[in-house]
Amino acid sequence: MSTASTAAPQSRTSYSPTPAAPIEDKLKAKVHNFNFYYGNGFHALQDINMPIAEHKVTALIGPSGCGKSTLLRSFNRMHDLYAKNKYAGDITLYPENINLVGPELDPIEIRMRVSMVFQKPNPFPKSIFENVAFGMRVRGENNGAYVRERVEKALRGAALWDEVKDKLDASGMALSGGQQQRLCIARALATDPEILLFDEPTAALDPISTAKVEDLVVELKKTVTIVIVTHNMQQAARVADYTAFMYLGKLIEFDVTNKIFTTPSNPMTEQYLTGRFG
Amino acid sequence: MADQPQQQSPANDDKIAKLRNMIAKRKRFDLLFNVTGLTLIVLSLSVLAALGGKLIYDGGTRLMETFEVTPWGQAPGYRDIVGDFDRAPATDKLAAGYQVTPVPMLLKTVSGTLDPTPLIGKRVAVKGDLSKDGSISVDEMRAIPDSPPGEEISGNPTLVGIIEDVRPDPKDPNLTHARIDPEPMRVIFPEDNDVKADDLVGQRVAVDPGRRGRKAEVGTIEARSVTPLKSQNFLTGMLSTNPREAGMFPALMGTLMVTIVTALLTIPMGVAAGVYLEEYAPKNWLTNLIEINIANLAGVPSVIWGLLGLGLFIALLGLGESVMTAGLTLGLLVLPIVIIATREAIRAIPSTIREASIGLGATKWQTVRYHVLPYSLGGILTGAIIAMSRAVGETAPLVLVGAATYLSATPFDGFALSSPSTWGSPLSSEFTVMPMLTYHWVAQPEHEWHRAAAAGSIVLVAFTLSMNAVAIYFRYRLRRNIKW
Numbered sequence: 000m001s002t003a004s005t006a007a008p009q010s011r012t013s014y015s016p017t018p019a020a021p022i023e024d025k026l027k028a029k030v031h032n033f034n035f036y037y038g039n040g041f042h043a044l045q046d047i048n049m050p051i052a053e054h055k056v057t058a059l060i061g062p063s064g065c066g067k068s069t070l071l072r073s074f075n076r077m078h079d080l081y082a083k084n085k086y087a088g089d090i091t092l093y094p095e096n097i098n099l100v101g102p103e104l105d106p107i108e109i110r111m112r113v114s115m116v117f118q119k120p121n122p123f124p125k126s127i128f129e130n131v132a133f134g135m136r137v138r139g140e141n142n143g144a145y146v147r148e149r150v151e152k153a154l155r156g157a158a159l160w161d162e163v164k165d166k167l168d169a170s171g172m173a174l175s176g177g178q179q180q181r182l183c184i185a186r187a188l189a190t191d192p193e194i195l196l197f198d199e200p201t202a203a204l205d206p207i208s209t210a211k212v213e214d215l216v217v218e219l220k221k222t223v224t225i226v227i228v229t230h231n232m233q234q235a236a237r238v239a240d241y242t243a244f245m246y247l248g249k250l251i252e253f254d255v256t257n258k259i260f261t262t263p264s265n266p267m268t269e270q271y272l273t274g275r276f277g
Numbered sequence: 000m001a002d003q004p005q006q007q008s009p010a011n012d013d014k015i016a017k018l019r020n021m022i023a024k025r026k027r028f029d030l031l032f033n034v035t036g037l038t039l040i041v042l043s044l045s046v047l048a049a050l051g052g053k054l055i056y057d058g059g060t061r062l063m064e065t066f067e068v069t070p071w072g073q074a075p076g077y078r079d080i081v082g083d084f085d086r087a088p089a090t091d092k093l094a095a096g097y098q099v100t101p102v103p104m105l106l107k108t109v110s111g112t113l114d115p116t117p118l119i120g121k122r123v124a125v126k127g128d129l130s131k132d133g134s135i136s137v138d139e140m141r142a143i144p145d146s147p148p149g150e151e152i153s154g155n156p157t158l159v160g161i162i163e164d165v166r167p168d169p170k171d172p173n174l175t176h177a178r179i180d181p182e183p184m185r186v187i188f189p190e191d192n193d194v195k196a197d198d199l200v201g202q203r204v205a206v207d208p209g210r211r212g213r214k215a216e217v218g219t220i221e222a223r224s225v226t227p228l229k230s231q232n233f234l235t236g237m238l239s240t241n242p243r244e245a246g247m248f249p250a251l252m253g254t255l256m257v258t259i260v261t262a263l264l265t266i267p268m269g270v271a272a273g274v275y276l277e278e279y280a281p282k283n284w285l286t287n288l289i290e291i292n293i294a295n296l297a298g299v300p301s302v303i304w305g306l307l308g309l310g311l312f313i314a315l316l317g318l319g320e321s322v323m324t325a326g327l328t329l330g331l332l333v334l335p336i337v338i339i340a341t342r343e344a345i346r347a348i349p350s351t352i353r354e355a356s357i358g359l360g361a362t363k364w365q366t367v368r369y370h371v372l373p374y375s376l377g378g379i380l381t382g383a384i385i386a387m388s389r390a391v392g393e394t395a396p397l398v399l400v401g402a403a404t405y406l407s408a409t410p411f412d413g414f415a416l417s418s419p420s421t422w423g424s425p426l427s428s429e430f431t432v433m434p435m436l437t438y439h440w441v442a443q444p445e446h447e448w449h450r451a452a453a454a455g456s457i458v459l460v461a462f463t464l465s466m467n468a469v470a471i472y473f474r475y476r477l478r479r480n481i482k483w
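As you go down the protein sequences, you meet chains C and H in turn.
Under numbering that gives the first Met the number 0, the residue at position 89 of the first sequence is numbered 88, and the numbers go up by one with no gaps.
Under numbering that gives the first Met the number 0, the residue at position 210 of the second sequence is numbered 209, and the numbers go up by one with no gaps.
Just so you know, the hints here were simulated from the structure itself, not pulled from any lab data.
Even for Gly, the Cβ is constructed at its ideal location relative to N, Cα and C.
Where hints are given, some of them may not hold.
To be verified - Below, a list of computed lysine-lysine pairs in the BS3-like style, where the Cα atoms sit at most 25 angstroms apart:
no.	chain 1	residue 1	chain 2	residue 2
1	H	K282	C	K85
2	H	K482	C	K164
3	C	K166	C	K152
As the list claims (entries may be wrong) - Quick partial rundown of chain H residues pointing at chain C, CB under 8 angstroms, derived from the structure:
no.	residue
4	L276
5	E278
6	A280
7	G360
8	A361
9	R476
10	L477
11	K482
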């Protein structure tokens, strides 16, 4: 994580976060006084406080190295893969009121409820069917008819069914980049997650594929809560209900997307949105 | 506007000339590497071709040759006549009985004294001494008129037949070789023979002539014994003290058994260790130390592993100079290779695949089981097979743990020997392996042993090359659908 290379804001006085106001929507999760330290001691996230609304899209934006992906990956404990990473504070998941980053909670349980779609499409080198079915396979689901039904539902949900229904046995890697990413979305959907995390899902895609994935994100929020990290501010404006702007490990501003993009409260947000740094 | 070509100027010409000169200078190194590289490749390929050619020239014919041995693995005795045993019909003078048709033989004559050339195509009676390589040193030889078999031929010849071909001895100008196609000879069957005459009909046998020719009917053998023979070649033959009859079968079986033991030890252990180190082990100084030392172990001279096997498996564990000891010793020797190959194959899998699997709620083992192992299988199998072919070729450690240079049995004969008194199993039996025999043979003084060693080398090289071919096939087959 390199933060030193990012251009500093012109006005140091503006480098102070605006506290996130309470929101009206029902909460799915709440990030409270959350801090994250990488194994090398780097304090990547500092005192993050923000709500995640149920069945809404929340976008995390900010320049490279601001910690938005780090925050996203905390939601399903991906940081546990690498030793010595440390969480402090809470990410509370509702309605059970459990702390997602609490050490007493098994990260596997969390990952079964909070799925993730990565920046680069990463289908398994297996058949399309097995890619989508994998989430059920790890749960020990062996009922063939049930698995087939869920695979079809997930592929339909990811708007990929019509393109692949005749070649479910073909390798997932033989698909185009955009199809691969939608396959990864289907794979994440197949196990009915409560929250779906997108880590710059369109960064490696062409504009047409990007549009398809964006449409899909908007469509999916009917059934699942979505948190999306994006570099593309227009994308955040297009798909997100709420937007959080982060900078150097801090949450600078969180608000309804419309408000952030039209009348941001924090001068730094405005500077970033107008392209003066980042 | 700027379409006008610029005026040539001496300064510009000079600049271009300098530039070209500089490029030419730098390009010299490309030329140097091209030429030397190509020369070296051509050179090494020709050396390789010369070595291979020599090997095939020396060993190829030896590999194809067949030879007859008794069921207990010995060559026919010194005086034996080798031929096909059959029933003989009754004739005017003789009752029905048995006959043997000797295999074509070589007549050795001293040039000038007994010239067989005028006798080509003629029926001759030969008297002389049988020697072990299937030739006769001729004392007397004369043409006789055609006559029906069983007819009396005076002079008690050793053999009657038709001279087919005459040529000078390739080494000794004083000798002439003649090929003779012998006629069947009546066999007076010994009553106390181990195998009954009827059981020998149609088989190749060795006939000990005993008091040959004492009977009135010449061309008849009053046999002392008739022994069945089986035809063998280099691959199926047993070891022998006679270089012409030495085969490699026990070494082939020994290598096979030792390799199986090695594979059973090394592949599961090596893959498990590789998976542990890559996927489970915490990244700390201890893991680093282990990693570095595994790489070091792969470079330890093989004879040191032999000493370890001698000390650990023979002296300490009392496994004896056995297939088990050899397999375990070689297993330890190639274990680092398998571990390193496994780790490299696993490391080639991008971390995004692991994250995708873990992100869907898979446990570490499920990730290893469904993704890491399947996707790295090609690399792992390739490494494992290459490690096995390394083990197949090792000699030094096996000299130390007691690979034999002569054996009268294969490891599998241990099954047959299994009984409370002579307990034996393929694993605890004595053994030898192909490189050991090749090494032993090539150290012998006689040229015939060197031919056997060359043949052994061909088998060894073919064995390891085919293992590598399997590895290449696996790599191609399993990686075909996986491109990161």
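For which of the previously enumerated hints does the structure constitute a violation, in increasing order of number? 4, 5, 6, 9 and 10
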